[in-house]
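Peer 1: Take the two lone chains and join them into the complex the hints point to.
One line per chain: the protein sequences are L and R, in this order.
For reference, each letter of the first sequence is one residue, going 474 to 585 in the numbering used here.
For reference, each letter of the second sequence is one residue, going 1328 to 1441 in the numbering used here.
The set of hints was computed from the structure by calculation and includes no laboratory data.
These figures come from a predicted structure and were not determined experimentally.
C-beta: ideal position from N, C-alpha, C; glycine also.
Honestly, I wouldn't trust all of these hints.
Facing chain L, from chain R, some residues (calculated, C-beta under 8 Å) [claimed, not checked]:
1. Phe1417
2. Gly1433
3. Gly1435
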Amino acid sequence: KNQVEQSPQSLIILEGKNCTLQCNYTVSPFSNLRWYKQDTGRGPVSLTIMTFSENTKSNGRYTATLDADTKQSSLHITASQLSDSASYICVVARAGSYQLTFGKGTKLSVIP
Amino acid sequence: DAGITQSPRHKVTETGTPVTLRCHQTENHRYMYWYRQDPGHGLRLIHYSYGVKDTDKGEVSDGYSVSRSKTEDFLLTLESATSSQTSVYFCAISGALAPPETQYFGPGTRLLVL
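Isolated chain R (complex conformation) (with noise of 0.2 Å):
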């Protein structure tokens, strides 16, 4: 999986909850991304990073807040998930956005809130 990690890979937590999901790569690729995939919807994009510190909102971003204090890391918080946040989670990065670059995958995340 080009070096990148997910933690957790499953999580079951409550409504009003605070959730943090850890994505760590070690390509040292400059963009990283989060999406979600809900069944009948492509992947979405949550919210991207292209560089330490530097982020900005994807189409649904809406409920989530992300962190890239260090090149090899990007953290997805729910501030107070719902039962809407129900979804599977991937994290991806890629080297550059033009030539065209792949972006490669995480395992995902599963995360069930009740």
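Pulled out of the complex, with its shape left as it was, chain L reads as follows (with noise of 0.2 Å):
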């Protein structure tokens, strides 16, 4: 069964700490995986698209690494912010499909 595992599932930092965000998946056979922010109320919104030849792949203070070997990836945040409190979705595509598998998101909050 095609499945993406997040972890943890929340998170609490403080300001100006860095973060990592790990997202397993069992999706097959791979096209590509994708970091989506959810800031609550809102839609998601991309931060990264990642392909099997990519290992890594920035967006300002937001870096996706992936390992397609071992079906693993994360997102480390440098420095974080009281904006980057949202919920860190990871979705993985199946080659030759429109369907998209998503993760249930890794909540995270950021304190002064």
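Peer 2: This is the structure in structure tokens:
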């Protein structure tokens, strides 16, 4: 069964600190992996998209990594800000399919 | 929100009544999607459209129908709303399926079925 598992479920960090969110998937055959940020009451917004051949992709203070061999990805947030408080969703696309498999998200709270 | 609007943004209805949610885009994107988001679940695809009058079912399509008569509008209809359809509904658009294209999401519609 195609699944995307994220950890931790929730995380609280102090403003200015770094953090790393994890994503493990079983989706096969793999096409690409996406990270989205979803603020409370808003729709998800894309942060990165990585294909099989990409190991790392950055978007400002967000850096995503992908290990297609172990089917793992991580999202690293550097020097966190209060505005980083949101849910972060890992999404995996199957090759040859329109379907995306969404993780349940990690809820990040950045406190002063 | 990438030129996507959803209406209404909030709705309360009673079990058994029909409900139609509207998604409108100004990006002229070919692909449009309807998802639902519930606590304890990731976003789940209800239906999607790959062109005017071209639609297909997603993983949770039972109890829902869709229509797309114009590129810019994608309607989701709950023929007879049930309490299990209480959810937040998101519309999304993309320009293509491949190469990997970002899906842009609308602001969501919060639906409560009593």
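Peer 1: For every hint, state whether the structure bears it out.
Peer 2: So, going through the hints one by one against the coordinates:
no., hint, in the structure
1, Phe1417, "holds, 5 Å"
2, Gly1433, "holds, 5 Å"
3, Gly1435, "holds, 6 Å"
Checked against the numbered hints above, the structure breaks none of them.
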